[in-house]
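One-letter residues, chain by chain:
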Amino acid sequence: MIRLGVPSKGRLMADTFDWFGARGLTLRRTGSDREYAGEVEGAEVALVLLSAGEVPRDLAAGRLHLGVTGSDLIRERLGPSAPVHAVAAMGFGHADLVLAVPRFWADCDTTDDLDAVAARFRAAHGHRLRIATKYHRLVRDYLRARGVADYALVDSQGATEGTVANGTAEAIADITSTGATLEANHLKMLSDGPIHASQATLWRSDAAPWTDAERAEMARLEAMLAG
Amino acid sequence: MIGDADRTRAGDLLARLEAAGAARFAPPILLPAGTLLDLYGEDIRARAFVTHDPLRGEAMLRPDFTVPLVQAHMEAGAEPARYCYAGEVFRRQEEDETRPREYLQVGYEAFDADRAAAEAEVLALFLDVLAPWEPRPATGDLGLIRAAVAALDTTGARRAALLRHLWRPARFRRLLDRFAGRAPGPATDRAPNDAPVIGQRTPEEVEARLDALRADAAEPPIDGGQADALLSLLSMRGTMAEALRALPDAESLHARADALAARGLDPATLPFAPAEGRSAMEYYDGFTFTITANDRTVATGGRYDALTAALGGGRTIPAVGGVIRPGLLEGELLA
Numbered sequence: 001m002i003r004l005g006v007p008s009k010g011r012l013m014a015d016t017f018d019w020f021g022a023r024g025l026t027l028r029r030t031g032s033d034r035e036y037a038g039e040v041e042g043a044e045v046a047l048v049l050l051s052a053g054e055v056p057r058d059l060a061a062g063r064l065h066l067g068v069t070g071s072d073l074i075r076e077r078l079g080p081s082a083p084v085h086a087v088a089a090m091g092f093g094h095a096d097l098v099l100a101v102p103r104f105w106a107d108c109d110t111t112d113d114l115d116a117v118a119a120r121f122r123a124a125h126g127h128r129l130r131i132a133t134k135y136h137r138l139v140r141d142y143l144r145a146r147g148v149a150d151y152a153l154v155d156s157q158g159a160t161e162g163t164v165a166n167g168t169a170e171a172i173a174d175i176t177s178t179g180a181t182l183e184a185n186h187l188k189m190l191s192d193g194p195i196h197a198s199q200a201t202l203w204r205s206d207a208a209p210w211t212d213a214e215r216a217e218m219a220r221l222e223a224m225l226a227g
Numbered sequence: 228m229i230g231d232a233d234r235t236r237a238g239d240l241l242a243r244l245e246a247a248g249a250a251r252f253a254p255p256i257l258l259p260a261g262t263l264l265d266l267y268g269e270d271i272r273a274r275a276f277v278t279h280d281p282l283r284g285e286a287m288l289r290p291d292f293t294v295p296l297v298q299a300h301m302e303a304g305a306e307p308a309r310y311c312y313a314g315e316v317f318r319r320q321e322e323d324e325t326r327p328r329e330y331l332q333v334g335y336e337a338f339d340a341d342r343a344a345a346e347a348e349v350l351a352l353f354l355d356v357l358a359p360w361e362p363r364p365a366t367g368d369l370g371l372i373r374a375a376v377a378a379l380d381t382t383g384a385r386r387a388a389l390l391r392h393l394w395r396p397a398r399f400r401r402l403l404d405r406f407a408g409r410a411p412g413p414a415t416d417r418a419p420n421d422a423p424v425i426g427q428r429t430p431e432e433v434e435a436r437l438d439a440l441r442a443d444a445a446e447p448p449i450d451g452g453q454a455d456a457l458l459s460l461l462s463m464r465g466t467m468a469e470a471l472r473a474l475p476d477a478e479s480l481h482a483r484a485d486a487l488a489a490r491g492l493d494p495a496t497l498p499f500a501p502a503e504g505r506s507a508m509e510y511y512d513g514f515t516f517t518i519t520a521n522d523r524t525v526a527t528g529g530r531y532d533a534l535t536a537a538l539g540g541g542r543t544i545p546a547v548g549g550v551i552r553p554g555l556l557e558g559e560l561l562a
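Residue numbers (our numbering), protein chains in the order written: chain A, 1 to 227; chain B, 228 to 562.
Pulled out of the complex, with its shape left as it was, chain A reads as follows (with noise of 0.2 Å):
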């Protein structure tokens, strides 16, 4: 059986239970709210509750056939030549991963400013500008592709926002659907463009084992998903 996974918790789960409602897809939870066991009617398919993070992986894996997570997951943890492939982007969840500078940096508002602005920081203060992130593969590979040089990337799994009045990072690079995080931690994006805009996508995995009967039910359900 087709195995989909699914977000397991809050609004992500929600929009996505709603989307494949709209096409004419049941998927809803069973047993008790803490449980993290569903089902799905209308289609030979079972349901996999878990956390969006794991989704790439287990794509990767194989483990899953389908599932739906942020395109900057997929981006950030699997390579270009990964086994996923997007089967549709699906209007939701969208946030884009931004670099973003002190406001008060009057001089630096695109990331060539940004290259000027690590050079002469490197020099006066003796190491690297320093960018708080946990995307680091997207922002490495996006600064890479524009020459910015002089900068190094340290490590944030949380509260990213704030590392810059902590002293740990000169800058940040983040999600943000609104920016009003970043207002509010007296941060400015950069205006050239997010490093990526990111939606809930659902992927479909060339690792998983397809049985001719699977194949034949995702035939059918892509027919139903794209109506």
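Hint data in this document are derived by calculation from the structure and do not stem from the laboratory.
Here are the computed distance ranges between Cβ atoms for each label pair: (1) A/Thr168 to B/Pro430: 15 to 25 Å; (2) A/Ser191 to B/Thr519: 36 to 46 Å; (3) B/Ala232 to A/Gly42: 52 to 62 Å; (4) B/Thr429 to A/Ala184: 18 to 28 Å; (5) B/Ala439 to A/Val154: 24 to 34 Å.
Quick partial rundown of chain B residues pointing at chain A, CB under 7 Å, derived from the structure: (6) Arg398; (7) Ala422; (8) Pro423; (9) Val424; (10) Ile425; (11) Arg428; (12) Val433; (13) Leu437.
Sample of chain A residues facing chain B (criterion: CB under 7 Å; computed from the structure): (14) Gly79; (15) Ser81; (16) Pro102; (17) Arg103; (18) Phe104; (19) Trp105; (20) Ala106; (21) Asp107; (22) Arg140; (23) Gly147; (24) Ala152; (25) Val164; (26) Ala165; (27) Glu170.
The C-beta atom is built at its ideal place from N, Cα and C for all residues, glycine as well.
Following the hints, position chain B against chain A.
Relative to chain A, chain B alone:
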């Protein structure tokens, strides 16, 4: 996977380099990460395996031999010196599933103040030990590009910005276009604001850069002829003989060509492009070379004086060297 044949070939090549008068160098596989990170920056994390030791901090699986060798030589060595080595290097691959993560390098490095002679020695030695595989050399000279930037009739800040991005061709080109007045510069109408000061960077640093931006905007653009001459140097591609005719005043180029000719490398047929090796690792700053065999790049090398300065605590020693990839060579060395 490194095969037995690769190890045998690496051992044979190492013996040849040792017989040429080099001392063997054998650094550990697990290196402290600090020096490498400081030198290469964040890029190295994408290319090297970084791990964490609870007591010693970050460590790295040896991504190359050159950095530990230069460190060891700068601490203890007396010049001139010749070193050789063979062993595994490790490279992370984020893009290409098929590229090896672990492979052998065999290398030779010369610390010698006679630059031209040492450069010719390294290239000729590599061509000699690779002779059974019909090696084809190509050469370059990032020193010519550095000299052309240093000679631009403009401010020191602009020259320094260009030199800083010498190894990043796209960013270098954008800067040159901007400084030559062919692309708009950064906005200069920005003023300090009263947002809270957070982090290590100070308001004085912000103001100093705003001043620098205004000062730069008031500078005349780099002369179009000079910018075009630099661009044509970057795209020049031909033979060493053609380059010698085009650049009659490039002393080090002529000295090297003489040294190469003395070792049997004819300028009339030796390929030369100044920018050869430009986007390789950020440490070649003069002569560069690549050697191909069967359409594969089997050896690369070049001069890295700036690396010895960065690791030498104020001292610098002229250094040139290169590495061979024995795993890309088919068949055994001819007896």
